[in-house]
Amino acid sequence: MSSILTYIAISDGKIKRSSLEVLSRSKAIADANGLDCDAVIIDANASTFTDSVQQYGASKIYVVEDPIFIQHRNTPLLSALSKVMEQSKPNVVAFASTEGTKDILGALAANQNAGVVADVSSFDVTGNGVLAKRPVMAAKIMGNVEVSGDTVLVSVRSGSYDLVESPASAEIINIDFSIEESDLKAKLREIISATGDTIDLNEAESIVAAGRGVKDEEAKNLISELASVLNAGIGASRALTEAGVYDPSLQIGQTGKVVSPQLYIAVGISGAIQHVAGMANSKVIVAINKDGDAPIFEVADYGIVGDLYKVLPPFIEELKKIKG
Amino acid sequence: MKFYVCIKMVPDVAAPFQIKDGELIMDADRMVLNAYDASAVEEALVLKEQHGGEVEVVCIGAAKASETIRKALAMGADKGTHITTSGDEGFDSGSYAAILSAFFKDKEYDILSLGKQSQDTDSGLTGSMVAQMLDLPYATNAVGLEIEDGKLIVKRQGDSGQEMIGLPTPCAVTCSNDMNEPRIPNLKGIMASKRKPIDTVELSSLELSEDELSPASKVTSYEHKPARQAGKKFEGEADEVAREVAQLLDTEANVL
Ligand SMILES: Cc1cc2nc3c(=O)[nH]c(=O)nc-3n(C[C@H](O)[C@H](O)[C@H](O)COP(=O)(O)OP(=O)(O)OC[C@H]3O[C@@H](n4cnc5c(N)ncnc54)[C@H](O)[C@@H]3O)c2cc1C
Ligand SMILES: Nc1ncnc2c1ncn2[C@@H]1O[C@H](COP(=O)(O)O)[C@@H](O)[C@H]1O
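Protein chains in written order, with our numbering: chain A, 13 to 336; chain B, -17 to 238.
Only chain A is shown next, with the shape it has when bound in the complex:
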């Protein structure tokens, strides 16, 4: 019996939407290829999420529940995933490409002697592995990749697939798991939580992103006001996360997060390829920049050439009218 297993990522007590996008894709692949569509949930409260996961068509749900998973730790996550893989013997294991996944994907592939391809924007299974498309060269072009192996791991960029509900009644399989804190060599000392805006950029419908042009409190306030009118998440270019103006977890781009909202408003961002790599898949892009030659205008649907201090107040005011 062959199967595709999807890892359901839990973060801050919620299922990451991107992992349900991946499960939706896995279900479609499973149906088209006569595979079982299974899921695995690894969390301190894993069993509370099985009902939601059933809505997306998983026929078996492996549940690993242990307090150690309250925080992301690579060693316990690796051993839990290895244990589930050894029991379920999947042909393909699919993940949403979160920082948590990136932390363990290579190690899991080495541990399970599996083929692996990371950060794809689409994938399918073939007779002997996986075919995937992934952005390369700072996301300027796409590479078609063929991965062979009895088991192949694949991680998928958020926003690559739509959510498709397909309610099923799943068999729940609880996996025995325990690990002693004292057996872990890597010690988690502290979590420095992101401050301020808590909208998950991977799930945000709209994002307002600030760049070096956002120089002072006045400009920051305009960014916050714009974001609040649109109920948008706030993102930033590296110039501003590096300068400590915005929290590092808000960085969008090649080093930071890859996002694909319906609306992306880039304010005072030049549009370096490494930034564009993280936002080019947004549905509608608005750029506000005083330099008419800034490369951000090459990817913008609506480009406003102007000073953000002059453009944002009437822009916000008009949006308030429309919204109100």
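Check the hints yourself; a few may be wrong.
Claimed, not checked - Under the rule of at most 35 Å between Cα atoms (straight-line distance), these lysine-lysine pairs were calculated in the DSBU-like manner:
1. A:Lys199 - B:Lys89
2. A:Lys322 - B:Lys214
3. A:Lys302 - A:Lys232
4. A:Lys302 - B:Lys200
Worth flagging that the hints you see were computed from the coordinates, not collected in a lab.
Based on the hints, put chain B with the ligands in the right spot on chain A.
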């Protein structure tokens, strides 16, 4: 502290390129030291300056890759090892991880440092693969490193916040370029690098061959991304264009 930093030569993503019949064609001279590896070298040098020790860089690649080793030596690394390959073997992260772990198997070190990803492929797999193969505790996506009581303290960027992790040595870590600004080699560094040793290691001496390292993943072709429709640019009186675009987001783009 003995640091090994794994460095890779990668195509400059800013260089012009063409795609012809699915093949990526670019100037073979536009190769650079992977930006994330440059940050890993920089951080090792800073820690060495603070705590003493030695920084050795290791690079797998064809003859030309020795240029990146020279660059790291000019930044201040003490010595380099060049593991040579033919250059047209199409290795993936798994192949490189297998070579690196064969090389490090019988080496002594405290900290094995890698880049968090290759800037041309963004794979981000080699680091944790090597850690697993060598059974080392590890952390990825480090944005800050410190040494405290012989332990490596890693600040890593997680999904929503940052995690501080203490790793006993020997350990492995993958570095983000968000941790520092790599130094630009000065003339003195460049001159000094010419006298620093580079060891050359053949795959056969690691009991490996290019055939058995054949990659599980292969890029079969490259293609252009569907181009974004060229948008409209609004120039003129700020108040007017701002209001016009806001209206269009509602009536035309339908995203409000
Ligand atoms: C390996 C690597 C990875 C990287 N990863 C990332 C990443 O993940 N994310 C990222 O963002 N960058 C990344 N970078 C950095 C990237 O190359 C750029 O340096 C960075 O994106 C620049 O940020 P910026 O556009 O805010 O600043 P700048 O390039 O300085 O642009 C500022 C813009 O603001 C405009 N401006 C100034 N004042 C005003 C005003 N009053 N009104 C309107 N416009 C104004 C200017 O015209 C200018 O276009 C990476 C670089 C490397 C080498
Ligand atoms: N050919 C190589 N030589 C030395 N180190 C390498 C090589 N390939 C990958 N690495 C290391 O692995 C990291 C990138 O991994 P990946 O993104 O999987 O290609 C790099 O930043 C290097 O530290």
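Pairwise hint evaluation, A:Lys232 against A:Lys302, where the allowed Cα distance is 35 Å at most: Since the Cα atoms of A:Lys302 and A:Lys232 sit roughly 17 Å apart, the hinted pair holds (cutoff 35 Å).
Tell me if the straight-line CA distance from A:Lys322 to B:Lys214 falls inside 35 Å. 19 Å, holds
Does the alpha-carbon distance linking A:Lys302 and B:Lys200 stay inside the 35 Å limit? 43 Å, violated
Assess, step by step, whether the Cα of A:Lys199 is no farther than 35 Å from the Cα of B:Lys89, and give holds or violated. Holds. A:Lys199 to B:Lys89 sits at ~25 Å (cutoff 35 Å).
Consistency note: the structure conflicts with earlier hint 4 alone.
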